[in-house]
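Guided by the hints, dock chain B onto chain A, whose structure is given.
These are the residues of each chain, in order.
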Amino acid sequence: MTDSRLESKVSAAIVAVFALLAAGFALELFGGYRPLPENPLVDPSFLETKTWRASYADKVAAEEEVFEYDCYFCHEEKKKLELTFDDKGAWVRPEEHENIKMGHGTHGRNNNCFNCHDQENMVLLQPRDGTTIEMQDSSRLCGSCHGPTQRDWQAGIHGRTSGHWDREKGEFQRLNCVNCHDPHSPQFPGRAPAPPPNYLRKVGKQGSHQDVEEGAEQAEESEEEAESSDEAEPEMDDSEESKPEAADAEKSEPEAEKGKDE
Amino acid sequence: MSEQTETTTPEAADPMKRRSFLRAATAGAGMAALAASLKPLLEMEDPPSMERFLQKYYKEMTPEDMKKVLTRIENEVEKEYGKRPHVRDLKPMDGVQFVYCLNLTRCIGCRKCVHACVAENNQSRSPEIQYIRVLKMPHGSLDMEKADHDYTPDQVPEEGYFYMPVQCQQCENPACVKVCPVNATWQESDGITVIDYDWCIGCRYCAAACPYFARRFNFAKPSIPKDRINLDMAYLGNRPRRMGVMEKCHFCIQRTRAGRYPACLEVCPAGARKFGNVLDPESEVAKILATKRVFIQLKEELGTMPRFFYYFDV
Chain A
1 MTDSRLESKV SAAIVAVFAL LAAGFALELF GGYRPLPENP LVDPSFLETK TWRASYADKV
61 AAEEEVFEYD CYFCHEEKKK LELTFDDKGA WVRPEEHENI KMGHGTHGRN NNCFNCHDQE
121 NMVLLQPRDG TTIEMQDSSR LCGSCHGPTQ RDWQAGIHGR TSGHWDREKG EFQRLNCVNC
181 HDPHSPQFPG RAPAPPPNYL RKVGKQGSHQ DVEEGAEQAE ESEEEAESSD EAEPEMDDSE
241 ESKPEAADAE KSEPEAEKGK DE
Chain B
263 MSEQTETTTP EAADPMKRRS FLRAATAGAG MAALAASLKP LLEMEDPPSM ERFLQKYYKE
323 MTPEDMKKVL TRIENEVEKE YGKRPHVRDL KPMDGVQFVY CLNLTRCIGC RKCVHACVAE
383 NNQSRSPEIQ YIRVLKMPHG SLDMEKADHD YTPDQVPEEG YFYMPVQCQQ CENPACVKVC
443 PVNATWQESD GITVIDYDWC IGCRYCAAAC PYFARRFNFA KPSIPKDRIN LDMAYLGNRP
503 RRMGVMEKCH FCIQRTRAGR YPACLEVCPA GARKFGNVLD PESEVAKILA TKRVFIQLKE
563 ELGTMPRFFY YFDV
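These protein sequence lines are chains A and B, in that order. One point on numbering: in the numbering used here, the residue at position 144 of the first sequence is 144, and numbering is uninterrupted. Count along the second sequence from 1, add 262, and you get the number used in the numbering used here.
Hints were generated in silico from the structure; no laboratory data involved. Hints may contain errors.
[Said to hold, decoys possible] Simulated DEER-style distance windows between Cβ atoms: (1) B:Pro473 - A:His146: 35 to 41 Å; (2) B:Pro415 - A:Asn111: 47 to 53 Å; (3) A:Leu20 - B:Met406: 45 to 51 Å; (4) A:Gly190 - B:Val444: 43 to 49 Å; (5) B:Val441 - A:Lys101: 50 to 56 Å; (6) B:Arg314 - A:Gly103: 37 to 43 Å; (7) A:Glu68 - B:Gln417: 24 to 30 Å; (8) B:Pro473 - A:Arg128: 47 to 53 Å; (9) B:Phe283 - A:Val10: 15 to 21 Å; (10) A:Leu20 - B:Pro325: 50 to 56 Å.
Glycine included, C-beta positions come from ideal geometry on N, C-alpha and C.
Bound-form chain A, shown alone (with noise of 0.2 Å):
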């Protein structure tokens, strides 16, 4: 009878044990799966590859309205243009040219248009030698004022190059001055940058990330060495007492924080 009373007993104690675990498993005391919350999808934009700006050779391809490239819509051929200046001497932009932007060099020192329009011909472009450039061959103007730039295009230094580095494998793309730039005001302007990473972290404490820096996910990692050493505590000596008390002191922090969010 002892013997029986003894063997229910013990098989009570391990039900029990199996049943607090199950138990602890149902209600997900040991932290369970918590589901992690679905990133936003990036915006399409951001994975488009066309430039900042589209050259004349990009609306006809895309046909969208290239009327304000048609310059003899409005003006007269073979007339000269002349400039008109206010009283204190400074040019006017027509009215109808309001969509340039002016701002070619530091202190607005190119922005006078025969710099590079030709003041006779519109379809043309007139670099400082006298010579004349069709509009399609503007790459040559840019380079009559920015050499070295033009030198590193001309390499494929500068500029995207895209479609095939191995250029026995297929075709290769290199873009032209104006696909990027807007030669009225080639400095970039400012955009929006795309999303910041979400880090596991992050998400864990629902948003709150402002102190989130570089090592988010190694802090992770550093997370559950913790756990794994906190287990292997009763085989350590005693020397080294300090790391699983350390161990604690890190394990202590998400237990916090679970509580908090309870």
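Same frame as chain A, but now just chain B:
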């Protein structure tokens, strides 16, 4: 025990019935509790198929073995995402050493490269895995302790700051490869350090060894929206990963070994990224290394010899 039950007298039958009931109940509850306590096992997603379990090491596979493996991966992806991908095993080309150059003067910090990389390489969206981090640092210093990669201004670039994208540096002397206990990651002859996702045991030693924080671990099952999956896949490249394996930038192996530029380069609106074969003197990267002020390999004092170079204009 059973003997006792059989030899009981009718007088004692009542307590023995109670006992046997209790015993049966205990055993039943015990089994149920045991099953319940093994619940985490039930939550194991994606248990390995026999084919995958018995798969050979990458370098030991014959072309026929590889063909079978690629078909298996195609089937798995089709089952999971509803579209049949084209998975290839691209080998390094002879006489090619890949090098990446990044112009810090041109980078505007728009993070388009980060998201183009995610889309190209089928990275998990939730939890998020990104191979590229863009660090924002004040002009006049290169103090990564002060770098911010959570910046969200209305417009970039911001006055007084520069931006430094960091990704796998494809070191010539890679620390991550040395620590791998199962040789699941190695350096190929074109300089790309690759990972066999089917061989990785998920110990994360390589993540700890990498001085650039370039390696990412799949802590959970990766989630990729079905409509955003990239079906042009490579075995060592962008095929979907499982939970519990490591991944990192592989210079878009599925593109670059087919002769194309990487995705991060093609999306860069500032032309700050340059990629090519450094052994070809006519390549863009060879010209940059020859003529530009290439001033750093990141953390060059560690002797990792990155194949990723940062340079300045002017």
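Consistency of the hints with the structure:
1. B:Pro473 - A:His146: 35 to 41 Å: holds, 38 Å
2. B:Pro415 - A:Asn111: 47 to 53 Å: violated, 28 Å
3. A:Leu20 - B:Met406: 45 to 51 Å: holds, 48 Å
4. A:Gly190 - B:Val444: 43 to 49 Å: Since Gly190 (chain A) and Val444 (chain B) have Cβ atoms about 48 Å apart, the given range 43 to 49 Å holds.
5. B:Val441 - A:Lys101: 50 to 56 Å: 55 Å Cβ-Cβ, so the 50 to 56 Å window holds.
6. B:Arg314 - A:Gly103: 37 to 43 Å: 59 Å Cβ-Cβ, so the 37 to 43 Å window is violated.
7. A:Glu68 - B:Gln417: 24 to 30 Å: Check passed, 26 Å falls within 24 to 30 Å.
8. B:Pro473 - A:Arg128: 47 to 53 Å: Given range 47 to 53 Å: holds, Cβ gap about 51 Å.
9. B:Phe283 - A:Val10: 15 to 21 Å: The hinted range 15 to 21 Å holds for Phe283 (chain B) and Val10 (chain A), with Cβ atoms some 18 Å apart.
10. A:Leu20 - B:Pro325: 50 to 56 Å: Hint holds: Cβ distance 55 Å, inside 50 to 56 Å.
Violated hints for the displayed structure, listed by number in ascending order: 2, 6.
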